[in-house]
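Each chain, letter by letter, is given below.
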Amino acid sequence: MEDLILRNRYTLLVVTLIVYMGVLVAEGMITGREARVIEFENFYFELDDFNSIDFEGFRETRTVNENTRVDFDDTDDV
Amino acid sequence: MSKFAVLQFYALLKREVLEHRNIFIGAPAVLALLLLVATAWVATQIDQIQLAEGLRFVSVLFDGFSPLDMAPFVMLLAIPFCLTLCVCSVIYLINTLYQDRKEMSVLFWQSMPVSNLQTVLSKIVAIVLVAPIFYVLIIFAMYLIAIAWLTILGIISDMDLVGIGYLFLAAIASVVLIYISAVVTGLWLLPFVGWLLLFSAFAKKTPLLWAGGVFILVGFLEDFIFGTQFLADQGKLRTLDPRQYLIFDFQNVIEKVFNYDTLFGIVVGSILIAGAVFMRRFTD
Chain G
1 MEDLILRNRY TLLVVTLIVY MGVLVAEGMI TGREARVIEF ENFYFELDDF NSIDFEGFRE
61 TRTVNENTRV DFDDTDDV
Chain L
1 MSKFAVLQFY ALLKREVLEH RNIFIGAPAV LALLLLVATA WVATQIDQIQ LAEGLRFVSV
61 LFDGFSPLDM APFVMLLAIP FCLTLCVCSV IYLINTLYQD RKEMSVLFWQ SMPVSNLQTV
121 LSKIVAIVLV APIFYVLIIF AMYLIAIAWL TILGIISDMD LVGIGYLFLA AIASVVLIYI
181 SAVVTGLWLL PFVGWLLLFS AFAKKTPLLW AGGVFILVGF LEDFIFGTQF LADQGKLRTL
241 DPRQYLIFDF QNVIEKVFNY DTLFGIVVGS ILIAGAVFMR RFTD
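For the protein sequence lines, the chains are G and L, in the order given.
The first sequence runs 1 to 78 under my numbering.
The second sequence runs 1 to 284 under my numbering.
Errors might be hidden in some of the hints.
Said to hold, decoys possible - Interface residues of chain L toward chain G, partial, derived using beta-carbon atoms under 10 angstroms:
#	residue
1	Thr39
2	Leu198
3	Asp233
4	Asp284
Bear in mind the hints are in silico, worked out from the structure with no lab data behind them.
Only a predicted model underlies this, so the values are computations on that prediction, with no experimental measurement involved.
Using N, Cα and C, we set each Cβ at its ideal position, and we do this for glycine too.
Chain G with its partners taken away, still in its complex shape:
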């Protein structure tokens, strides 16, 4: 075990960090520390308020645009 941990600097670093994080997480869970510090949320974009009708409209508009393009291609104008 000792040979494995002290094989090279990388194994030693990983083992040290694992022990450190293990103690930190165990203590945090036992004492009930605040587990979430940073919330990765974008306050300007909320999924609940997402308007699916607009999205449908976007799809319809896109379909219309594509049809128009097909019509335009069919005219064979140069």
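Could you slot chain L onto chain G? The hints should help.
For chain L alone, coordinates are given in the frame of chain G:
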């Protein structure tokens, strides 16, 4: 502990001070000089009568008050020194073990009758206990010069100097509080100290980038594996609120040192310091 071990440790501390004179003595001395020059320049810009009025106000403000109660106000003058000590400590801790390997002086020190544990401990004691002594002495010298100047100004202006005497006593109390605050801060931030020392002993190049990069990576992995952010919580807890480690009253010393968070910080900091001690065997 034998007398030889004490002498060994004293020699190691002396070596740290001699090798890092710029950080321990140079930086605060230059800062004190700059502050004195700036104060003298401001004083020359103010009218002599207004200056005497200001001095009278200071004298009345401190007259009769307990120096221990007024010490926190005098401590405010030491804020630039505290910030300088923080920056210098980070530079010292991240470079000290790395520099030993880079210069290959680590081979010399390992050939001496000094263990890796003693070497790493001497570096921690140097930055936590010894460096603040130099900073505090320089702050006190600056206070002495300022008070001597105020006294001369008071004598010239024919003023009552009792308040200046109280100011001097408050300055002495503040210097002691600054030293205790610096030591308690060192203990409070021991996980941070251990982290920097670990990467100073580990990195072959750019130890500061390694320390910062791995902190972010480990924080991300913790969130990914456990769904928690205790590492970020520790970082926030130990850095963002200075009231946790700054001491403005002598009655708070025991409470600040022997509280759960400080002792837990010492325990987890010791894990990282142990890692740094073992890491020092890799000298390539």
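Index of numbered hints that the structure contradicts, given in increasing order: 1
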